[in-house]
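**Q** Assemble the whole structure, with the sequences as input and the hints as a guide.
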Amino acid sequence: MVNKMRIFKVLLTITLLLGLSSNLAAKELKVGFVYVSPVGDAGWSYAHDMGRQAVEALDGVTTSYVEAVPEGPDAERVIQNMARKDYDVVFATSFGYMDPMLKVAKQFPDTVFMHCSGFKTAKNMGNYFGRMYQARFLSGMVAGAMTESDIIGYAAAFPIPEVIRGINAFTLGAQSVNEDATVRVVWTKTWYDPATEKEAAKSLLDVGADVIAQHQDSPGPQEAAQEKGVYSIGYNSDMSTFAPKAHLTAPVWNWGPYYQSVIKEVQEGTWKSESVWPGIETGIVGLAPFGDMVPQEIRDMVAAKKAELVAGTTDVFTGPIKDQQGKVRIAEGVQADDKTLLGMTWFVEGIVGTTK
Amino acid sequence: MIVELFIPLLAATIQSGTPLLYATLGEIITEKSGVLNLGVEGIMIVGALMGFLAASFTGNPALAFFVAGLAGTATAAIHGLVCLVFQGNQVVSGLALTILGAGFANYLGTSFVGQSAPGFSPYAIPYLSDIPVLGPIAFNHDPLVYLTYVIPVIIWFYLFSTRHGLSIRAVGENPFAARAGGLSVSDYRWAGILGGGFFMGLGGGYLSLAYTHLWTNNMTAGRGWIAVALVIFAFWRPGRAVFGAYLFGGIMSLQLRLQAAGTELPSSLLLMLPYLLTIIVLVLSSWKSSKSAAPAALGVNMEPSE
Amino acid sequence: MLHLKISKRQDPLGWRSCFVIFGAVALALFFSALLLALRGTPPHEGIFVLFKGAFGSRWAIEDCLIKAIPIFLCSLGVAIAFRLQIWNIGAEGQFCMGALGATWMALSFPDQPAWVVLPAMVIMAVIAGGLWGFIPALLRQKMQTNEIIVSLMMNYIAILILDYLVYGIWKDPTSFGFPMSPTFSDAAIVGKIGSTSVNWGLLHCAVLAVAVWAFFRFTTIGYELKASGSNVKAARYAGLPYNKQVFLVMILSGALAGWAGFIEASATVNRLQPSIMVGYGYTAIVVAWLASLNPFYIGIASILLAGLRVGVENLQLDLQVPAAFGGIMEGFILLTVLAGGFFIYYRFSFTAKQ
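Chains as they are written, first to last, in my numbering: chain A, 809 to 1164; chain B, 95 to 400; chain C, 592 to 945.
Take these hints with a grain of salt, some might be off.
[To be verified] Derived DMTMM-like pairs: lysine to aspartate or glutamate, alpha-carbon spacing no greater than 25 Å straight-line:
# : chain 1 : residue 1 : chain 2 : residue 2
1 : C       : Lys-643   : A       : Asp-894
2 : A       : Lys-1135  : A       : Glu-970
3 : A       : Lys-997   : A       : Glu-956
4 : C       : Lys-817   : B       : Glu-397
5 : C       : Lys-643   : A       : Asp-896
6 : C       : Lys-762   : A       : Asp-1145
[Unchecked claim] Some, not all, of what chain B presents toward chain C, calculated at C-beta under 7 Å:
# : residue
7 : Thr-204
8 : Ile-374
9 : Val-375
[Stated by the list, open to error] Pair ranges (Cβ atoms, derived):
#  : chain 1 : residue 1 : chain 2 : residue 2 : range
10 : C       : Leu-729   : A       : Glu-987   : 56 to 62 Å
11 : C       : Arg-630   : B       : Pro-212   : 31 to 37 Å
12 : A       : Gln-861   : B       : Gly-153   : 57 to 63 Å
13 : C       : Gly-782   : A       : Ser-1081  : 25 to 31 Å
14 : B       : Pro-212   : A       : Ala-1112  : 38 to 44 Å
15 : C       : Tyr-833   : A       : Lys-893   : 52 to 58 Å
16 : A       : Asp-1046  : B       : Arg-257   : 57 to 63 Å
Hints listed in this document are in silico derivations from the structure and should not be mistaken for laboratory results. Ideal Cβ placement from N, Cα and C applies to all residues, glycine included.
**A** Written out as structure tokens, the structure is:
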């Protein structure tokens, strides 16, 4: 009888444990996203939102977002709000959210905070980014190969390191297939203003550019290229619908798989705070499909280079690399470290434009 | 090289100046009737969104452009209601309309950011566009620009050579005398507000249907305010408005082109140019005229009679 | 046949105008709710989430107060100018310049104690803001230039100056090239009241409000300003120094907005960055008008409109309503209050007339 009692107790315990754990597993994870611009901008926030939708598709997860949140105290409040409403994970997708998020992370130790493109961490706050510059390099190769005037125009938003780094990588890529390629940069001082961006692209076309690239979130520059009958490189997402005859390719973000992996870690309890900067080998950045006008040999060239980047046998910022004044910034054979990359405020040789 | 750059710059000037021109003409009509409408910015944004939506849903850019104008009229009607009927302060009402218009358009339009809609594309007029220098500058634009070659003339004719136009101006110069003469001040002011609103809406529609085929929040980026200043610069005359609009269009295009040409000037300073120029131009216009060219009764509500 | 007769009231509605204002705001809420429905959001739920987000918890109210502080100060300034019918639309730029002035001091004296740095910051902020108010006044009085456009254009220019500085000489060397000034030293930060998240700027607001009220109530200059405000021509005949008055109100107006910029940069953001500009200067105009330019009512209206901003964030998070909804409500409120003014100043009745 004692045996039966014991068996019964054991079975009961097992059942209870099973019940509890399935409850735990069934607990809905609330995940919040904070965006710096409207979601539909076909740009930066749009790409992040695609990632959010991938997370939403996971079992046991619900997501929500707030868009167009200015950096600073407003962001702090929004993140705080999410934490107060018992969100389990919060993603903040702009550099300027770093300090606000850190403040909130200290107040809510049980919530997981993930910051994109920053560098500060806490026990419950990690940061992440993607090596977009690798995809930029590849897109630069396409531009360099397709240009006939050897002038490539680049409409860029703000002279911050991320943008400058992208322009440099793009230029290096163009130069790797076309020694004479030059890149001219115009700063629009806006992330998404189609009218200004289109005007910027036009001003570049007027000085002889026959390929237009952009670090902008709207397809304005693509329209300008299409109207003039020249080529263009998009950004953030495939912009070919806006300029089917012009759009060669675009460096794009693919946050979905990374976001899913973070959520899975949280669900399984294996998440820990770290600073990660995954590259093209994880698929977090990539190239949009080539337009029909891109010849096969260029596609093959790019594919080969991409394979090298994925395998890690080469990298984009390996010296010798000179700046616009001719000074060597990265010595021969040296691969630039992350710190240099993250703080890049100078242009490489072959770029016409100032970083002010 | 300079000459080569000059022609595209002038061509860009005409394009950039076109939305300003539409909006300025609209505000001239309204102010001539004695009503100050500071809501131009808000009306333009609503026009831009509504035009864009209409093009998206109907696929017909010309119809969409007209819808943009109608949306402008409808929005301006709010100003008319508040000021003409409820005797609201015209300055503050215009401001409120700007806040509301921008809010409304951004609210509805957020879901449409990133989409493209059918619009107008440049169409080179045969023969005319082959004229050296003038051809590429003036005759290689979209049809809405070509419209602006004609509209100022029509408006000038209407305001200064028709009885209706005369009545509108009378109501703006001396409403008491006008009323004594049998004119309905309120009716003609409504005409000024609604008619002006139509052109302001067109100015907005131009941005999302021709200048680009896209919509974005805050698309007008202050152009409505520049238009209000341009009315003063133009001494309330359609002809001079053309000059003013192109001058400012040129400045707005210039700063980007200077960058493309490789200038070392910081872009923040270049971006200030349109606003600085507006102030300078305003100072010069107001200073030089000892007798103000403004309609005498501008901005003052007429109290209801009885 | 009945005929509608409209006539101006001898005495505008006094305290009863409250009802008109409430009615107007309610109507504005109604219109806004309609727009919620237009986009598929259930209106009653939307309004409920809005209020709950704004005032439904201790931290929400604290958030409202924090936001109300800059709105209040800018509005106090705007009201002073509006009293004289000088349309100062430049509060946004004056706020910006105030933040710039404060930052300049904070960055210039990183090692000084608070009793040195903070007053320096206030003084420079007030001077910078006052200057930005002075310029439109100068152009108005000396060159008959419309102050509305000038002050508005200067808003844009001020923001571009801010951009230029944070991308250039004031850029934080540790910010990885992102445009922001270094964080202010602890001495340069206005602290929080007790354990709340509200900063001492609240006290500044109260003190300044009383000062402004006392100024208008008890001083000769204040009395003269009120006189000019109600009838410019008569005041001129009476020999009042209208010219000087214009300068005075614009400088005061700019100075108050500059003070707001100081508090926001010091207490809320703790540094200078472009995102410090969120449109408080424009909301201030709505508040000033809503409050009929009265400092006490400005206090109430500031909290309400700050609450609107805070509540709208909640709307975004819970119901995915776009952020621009706040602008819609502000616009509607101002328009309905403007229209409501009609009932305060006019009476209408029906008479039998042939």
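**Q** Take the hints in turn and mark each one as holding or not.
**A** Tested hints:
1. A C-alpha spacing of about 17 Å is found between C:Lys-643 and A:Asp-894, which places the hinted pair at or below 25 Å, so the restraint holds.
2. Distance check on the hinted pair: A:Lys-1135 and A:Glu-970 sit about 21 Å apart at the alpha-carbon level, within 25 Å; holds.
3. For the suggested pair A:Lys-997 and A:Glu-956, the alpha carbons sit about 29 Å apart, so the restraint of at most 25 Å is broken.
4. This hinted pair checks out: C:Lys-817 and B:Glu-397 have alpha carbons roughly 23 Å apart, not beyond 25 Å.
5. Taken as a hint, the C:Lys-643 and A:Asp-896 pair is honoured in the structure, with Cα atoms around 22 Å apart against an allowance of 25 Å.
6. Between the alpha carbons of C:Lys-762 and A:Asp-1145 the distance comes to roughly 23 Å, so the proposed pair stays at or under 25 Å and holds.
7. The beta carbon of B:Thr-204 comes within 4 Å of a beta carbon in chain C, closer than 7 Å, and the hint placing it at the interface holds.
8. The interface hint given for B:Ile-374 is violated, since its Cβ lies 10 Å from the closest Cβ of chain C, which is over the 7 Å cut-off.
9. With 7 Å as the threshold, the beta carbon of B:Val-375 stays out of range of chain C, its nearest partner Cβ sitting at about 10 Å, so the hint is violated.
10. At about 57 Å, the beta-carbon gap between C:Leu-729 and A:Glu-987 stays in the expected band of 56 to 62 Å.
11. Here the CB-CB span from C:Arg-630 to B:Pro-212 is close to 24 Å, at odds with the stated 31 to 37 Å.
12. Look at A:Gln-861 against B:Gly-153: about 29 Å separates their beta carbons, and that is not inside 57 to 63 Å.
13. Separated by about 30 Å at the C-beta atoms, C:Gly-782 and A:Ser-1081 satisfy the suggested range of 25 to 31 Å.
14. Checked against the hint of 38 to 44 Å, the C-beta distance between B:Pro-212 and A:Ala-1112 comes to roughly 40 Å, which is consistent with it.
15. For C:Tyr-833 and A:Lys-893, the hinted distance range of 52 to 58 Å is satisfied, since their beta carbons lie about 55 Å from each other.
16. Taken as a hint, the range 57 to 63 Å holds for the pair A:Asp-1046 and B:Arg-257, whose Cβ atoms sit roughly 58 Å apart.
The structure fails hints 3, 8, 9, 11 and 12 (numbered hints given earlier, in ascending order).
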